[in-house]
Amino acid sequence: MPITVLFASLACLLGPQEAAAPLELALLSHAELARELEGLAALHPELVQRSTLGTSRAGRPLEFLRLSGPGAEGTRPALLLVANLDGARVFSSSVALQHARALAEGYATDERVRALLDSTTVYVVPRANPDAAEARFETPRAERRASGIDVDNDRDGRTGEDEPADLDGDGRIAWLRVRDPDGEWIEDESDPRVLVEADRGKGQRGVFRLWPEGRDLDGDERVAEDPPRDGRVDRNFPAGWQQHAQDGGLFPSDDPEARALLDFVLARPEIALVLVYDAQDNLVGEVKGVGDDAPRVLRIPPEGVLESDAKLLGEIARRYREATGSTVKAEGAERGTFTRWCYEQRGLWTLAAALWDIPLEPPEPEEAPAEEPAEKNEPHKGKEKDGAPRPSDDAKRLEWIDAAGAAEAWRFMPWKPCEHPELGAVEIGGFAPFARLEPPAAEGARIAARHLEFLLDLGALLARVEIAECTREELGQGVTRVTAVIENPGFLPLLSRSGRRTETTRPAKVVLVLPEAARLLGGERQRLLSNLPGSGGRQEYQWLVHGPAQMELGVSVESAHAGSAFRKAEVQR
Amino acid sequence: MSATLQAMLLSLALLQEGAPLRPGFPGLPAGRAPRVEIAWNRLYDAEQIHALLDRLAAEWPELLSYQVIGHSVENRELRLYTLNDPATGGEREKPAMWVDGNVHGNEVQGAEAVVYLAWYLLENRDSNERVRALLEGTAFYLLPMVNPDGRAHWFQRGHDAHSSRTGVQPVDDDRDGLFDEDPPDDLDGDGSIVMMRKHVPGEGTHRLNADDPRLLEPVPPNDRGIRGDWIYVGEEGLDNDGDGRINEDDVGGYDMNRSWPSLWQPEHVQGGAGPYPLYWPETRAIARFLLEHPNVAAVQSFHNAGGMILRGPGAEAFGEYPAADVRVYDELGKDGEKMLPFYRYMIIWKDLYSVFGGFVTWTYEGLGILSFTNELWADEQASPDGRLASRGADRHFFDDRLLMGAGFVDWKPIEHPLFGPVELGGFRKDVGRVPPSFLVEEMVHRNALFCLRHAEAMPRVAIRPPEVTDLGGGVRAIDVVVANERAIPTRTAMAREKKIGQPDRVLLEGSDLAVLAGGFRTDRFRPERIELQEKEPARLLREAGLGPREELRVRWIVRGSGPAVIRYQAEKAREARLELELP
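One line per chain: the protein sequences are R and U, in this order. Those letters in the first sequence? Residues 0 to 572, by numbering that gives the first Met the number 0. Those letters in the second sequence? Residues 0 to 582, by numbering that gives the first Met the number 0.
Keep in mind that the hints were calculated from the coordinates and are not lab data. Just so it is clear, the structure is predicted and the values come from calculations on it, not from any experiment. Hints may contain errors.
[Claimed, not checked] Calculated cross-link-like contacts (lysine to aspartate or glutamate; reagent style EDC-like; alpha-carbon spacing at most 20 Å):
id	chain 1	residue 1	chain 2	residue 2
1	U	K498	R	D149
2	U	K534	R	E45
3	U	K534	R	D181
4	U	K534	R	D187
5	U	K497	R	E224
6	R	K508	U	D350
7	R	K201	R	D187
8	U	K534	R	E302
9	U	K333	U	D350
10	R	K508	U	D179
11	R	K415	R	D169
12	R	K508	U	E180
13	R	K395	R	E363
14	U	K497	R	D153
15	U	K498	R	D151
16	U	K534	R	E220
17	R	K508	U	D240
18	U	K498	R	D165
19	R	K508	U	D409
20	U	K534	R	D151
21	U	K498	R	D219
22	R	K328	R	D291
23	U	K534	R	D393
24	U	K498	R	E360
25	U	K498	R	E160
26	R	K508	U	E291
27	U	K534	R	E224
28	U	K497	U	E291
29	R	K508	U	D189
30	R	K328	R	D392
31	R	K328	R	D393
32	U	K497	R	D169
33	U	K197	U	D350
34	U	K534	R	D215
35	U	K534	R	E160
36	U	K497	R	E363
37	R	K395	R	E407
38	U	K534	R	E162
39	R	K567	U	E291
40	R	K508	U	D53
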């Protein structure tokens, strides 16, 4: 089982002139990650600031990096990259750290890195949920997503009394299956190692019960059904939060990690776009927009991405798939996620990528980027041609593991008999912890490199306010007309449709700058601009000013998240 | 000190002799004087409210104390007063009632109602049997001011009856990047923000009332060219930030009664909600306290105004409340209508307006506690027969005849930098949403006593004497009836549906006892009909708790003999305990 994922050389990114030494990035414990961040900040003090946004429930500092080229005047638009909200997705932390490192190290030599960091601030929160992530480095190893409050899952009046345990002493929390006439699981016809839920509608009768590996410490004939932690940071945000769900926490922002992230975003109006490496995905799977003006139901607006935003996000998603070749659609609930809060309640452009999963196709003999993912998935849609049993997704994953050879065999543990202290004869095995979350070493490096490619282009997509024209025209009798055109050369509009709806993203402020001696005859000195499309969207303003013939006139535009500009009004030639 | 002791001894002696208790003040007017004299015909600022409670705590140190559960944005203490008789059990062992006031800074009289409640209970404890019993079985958590900053601003600065509702954390209301830079301005420095009207002959929308020129009335739309001579130009204030508007970015700009986690909605759906639930320190401190005190079994929150006894749901989207709980709500709410003249018992979304993220909806929907909001004071109360209402003429009549005109700032000219010559005038901030001084006491008394109606309904569990049946072969059945003697269930239907808190427990303990089986009987006459609990029959779990005045029949099958104890444990009721001896 590889605890370390080796990343290949980043020479391709650093430019042909410099073939950097191979970089080794590991899956890092909290302490190791802290040392890496510290080292990066110490090596590149002019580019990288390291700080904390809060403290986890167990007292670990929540670290972040701020990367920006020197010499910014005013505030640059910012990107926020957040990884590892789902505690088990430790791999995403390594990718985020790789990005930070590549940006810091590439700034001196790489044009694209410099272009990004000279125009944009990049915030990186590589590990949003350090408490749960630490389980990756403890023995026994377990996929732990929860780090929050303890709930009485089995309603026996006790909390946390029946947690998983490493029965066979192999250092991993796997799965436990037991033959039971009340069972709800059967063997997959195409691969008996895989269990699928029995479908009574097809006359299937359950044979197995399936539990996490563990004892029955409370004697209720259920195994590991009441672990000591239940609240999940990635279910603890206000958008779509589900009250009384066992994993949602007592209230949104109850988890200190979630609250710290909420406050972090609220304190930084320069953040224009959020990229989340976690369990959600809106870059591979189709995002269906809801109408911009879809009516509220019982006063509550419908959930989801607004149509006009979905269209633009769709184009970014296309570029994402082009840059990364990723076909990883995420499964899983969307309740109370950070991703949803950022978009639905803050109006931020929000991208989410689930970096890896075991493919549903056997590995290619030659590594070639998947060019036609839709076609590749085709065989699994609909019925198998020859009438053979249709394999479950898990069976397909197992097929991939089998084909990938000895190096990947750790991902599935063959069922082996075991004498359970409470249940008697059982079998322990199944997918190993992290089997579906951590790619093979070479693949991990590729994923990180390709996602960096995507990240490098994000800065150029952001909205920027520029003053395309600023002219003055003397109308006689000391009256001057000032005309200014504000333009957005970026791809994205100044505010998302959601940002305009929620009124949470700040509009840009357009101000006529005039001397004391001048008097405004027409127009408003200060205007707020929120609707400015991307790709060259323009907005014109006019003012009439009375004053001395040689008075200095100009226009300024200030945006919290799209830059600022000033331009003197000139007579048009 | 010796007086306290004497009074206690005296009342104890009376109790023992079974002699009638001597009624006292407050309650009856000819009784003895209260031990702590408080003027109940006025309102107090934030510090004075604490000072009043401190006087009570000094007089009854064993019964009343406070803890600071948090601090406001301006670092004022959130003092949570606990009223409990520790000689009869710790506060956490008893069902407790939470009572708060003044979450909206301008809705001040809730704090006085909270203080009155404490004062009433303390003053009457030694002379009123029901009050004594209440304090034996119940604790009270009293937070007079949820929003002490808002209260302080309302008292200290220029405001009208409706402003200073918010807390004081700056919010950029007009989204210009500046925070709280254009509040109303108390131009004449009289402590009230009133209206500004401008004389625009023939070009206005309003005219002076013919009978009373203090009143402006709208000129109805017409085609006859009739126009008014006056316009309103807004509330007293300036264009402080030069954006062409007045008073558009006041202090704060949020609503701490839209911040609670049940069906919370963001700002663009629910104005005032803030960026996430429990964003403000005051709200978060209270939420933490309540989450850590599952013994709270009743909640009352005091607001103003309009004369209402409100319950959730706050929004239609929540759906109906479980019928079993609605019956209890109705029982209390309808009594409240009789106790509080002109108050109506209402459902928030249906009868008032939609509120997402309200406090009492969270305490019920999130915590499973029966909860009310009372809106204190209705204009109709100005006259016992309700003939004076909220119309301008009625208000002036009342103000002229019963307050000698003290409540109205008569129109006076000023020079406004933006509007030129205008007139300032209107009712003062302490008119309209709070009662006049001479009616304050009635308001706080009736509302405090509504709390006691609610508090007396909190669950009380009793275990009736058990019946032991010999089943032969050394095996016996123990049948026992466990009863909730009150209207409020130990677990509301909401709590049991949503699995809030811990299920109730019925325990049978005896060192020489083997409990073979146990469960709840489903049939009064057929003892064999029983819902057996498979595991741990000596520790029966009951998710449903005990409903309103419910009698639950429990049966255990045991072997053995000797002393045994039966206990009923619930988060929101005192433990009931019964000892028995199996021969």
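These are the hints, each one checked on the structure:
1. U:K498 - R:D149: 14 Å, holds
2. U:K534 - R:E45: Answer violated: K534 of chain U to E45 of chain R is near 65 Å, above 20 Å.
3. U:K534 - R:D181: Roughly 18 Å between the alpha carbons, so the hint for K534 of chain U and D181 of chain R holds.
4. U:K534 - R:D187: With a Cα-Cα distance of about 34 Å, the restraint between K534 of chain U and D187 of chain R is violated, given a limit of 20 Å.
5. U:K497 - R:E224: OK: K497 of chain U and E224 of chain R at ~19 Å, within 20 Å.
6. R:K508 - U:D350: 42 Å, violated
7. R:K201 - R:D187: 14 Å, holds
8. U:K534 - R:E302: Status violated; Cα separation ~44 Å.
9. U:K333 - U:D350: 15 Å, holds
10. R:K508 - U:D179: 17 Å, holds
11. R:K415 - R:D169: Cα-Cα ~12 Å, so holds.
12. R:K508 - U:E180: 16 Å, holds
13. R:K395 - R:E363: 14 Å, holds
14. U:K497 - R:D153: Satisfied, since the Cα-Cα distance of roughly 13 Å is no more than 20 Å.
15. U:K498 - R:D151: 9 Å, holds
16. U:K534 - R:E220: Satisfied, since the Cα-Cα distance of roughly 10 Å is no more than 20 Å.
17. R:K508 - U:D240: Given that 20 Å is the threshold and the Cα spacing comes to 14 Å, the pair holds.
18. U:K498 - R:D165: 30 Å, violated
19. R:K508 - U:D409: The hint is violated at about 41 Å.
20. U:K534 - R:D151: 17 Å, holds
21. U:K498 - R:D219: 19 Å, holds
22. R:K328 - R:D291: This hinted pair is violated, its Cα atoms lying about 25 Å apart.
23. U:K534 - R:D393: 36 Å, violated
24. U:K498 - R:E360: 43 Å, violated
25. U:K498 - R:E160: Holds. K498 of chain U to E160 of chain R sits at ~18 Å (cutoff 20 Å).
26. R:K508 - U:E291: 46 Å, violated
27. U:K534 - R:E224: At roughly 16 Å apart (the allowed maximum being 20 Å), E224 of chain R and K534 of chain U satisfy the hint.
28. U:K497 - U:E291: The hint holds at about 18 Å.
29. R:K508 - U:D189: 36 Å, violated
30. R:K328 - R:D392: Measuring from Cα to Cα gives roughly 13 Å; hence the hint holds.
31. R:K328 - R:D393: 15 Å, holds
32. U:K497 - R:D169: With Cα atoms ~39 Å apart, K497 of chain U and D169 of chain R exceed 20 Å; violated.
33. U:K197 - U:D350: It is violated: about 37 Å lies between the C-alpha atoms, which goes past 20 Å.
34. U:K534 - R:D215: 13 Å, holds
35. U:K534 - R:E160: At roughly 15 Å apart (the allowed maximum being 20 Å), E160 of chain R and K534 of chain U satisfy the hint.
36. U:K497 - R:E363: With Cα atoms ~49 Å apart, K497 of chain U and E363 of chain R exceed 20 Å; violated.
37. R:K395 - R:E407: With Cα atoms ~15 Å apart, K395 of chain R and E407 of chain R stay inside 20 Å; holds.
38. U:K534 - R:E162: 19 Å, holds
39. R:K567 - U:E291: 61 Å, violated
40. R:K508 - U:D53: It is violated: about 51 Å lies between the C-alpha atoms, which goes past 20 Å.
Checked against the numbered hints given earlier, the structure breaks hints 2, 4, 6, 8, 18, 19, 22, 23, 24, 26, 29, 32, 33, 36, 39, 40 and satisfies all the rest.
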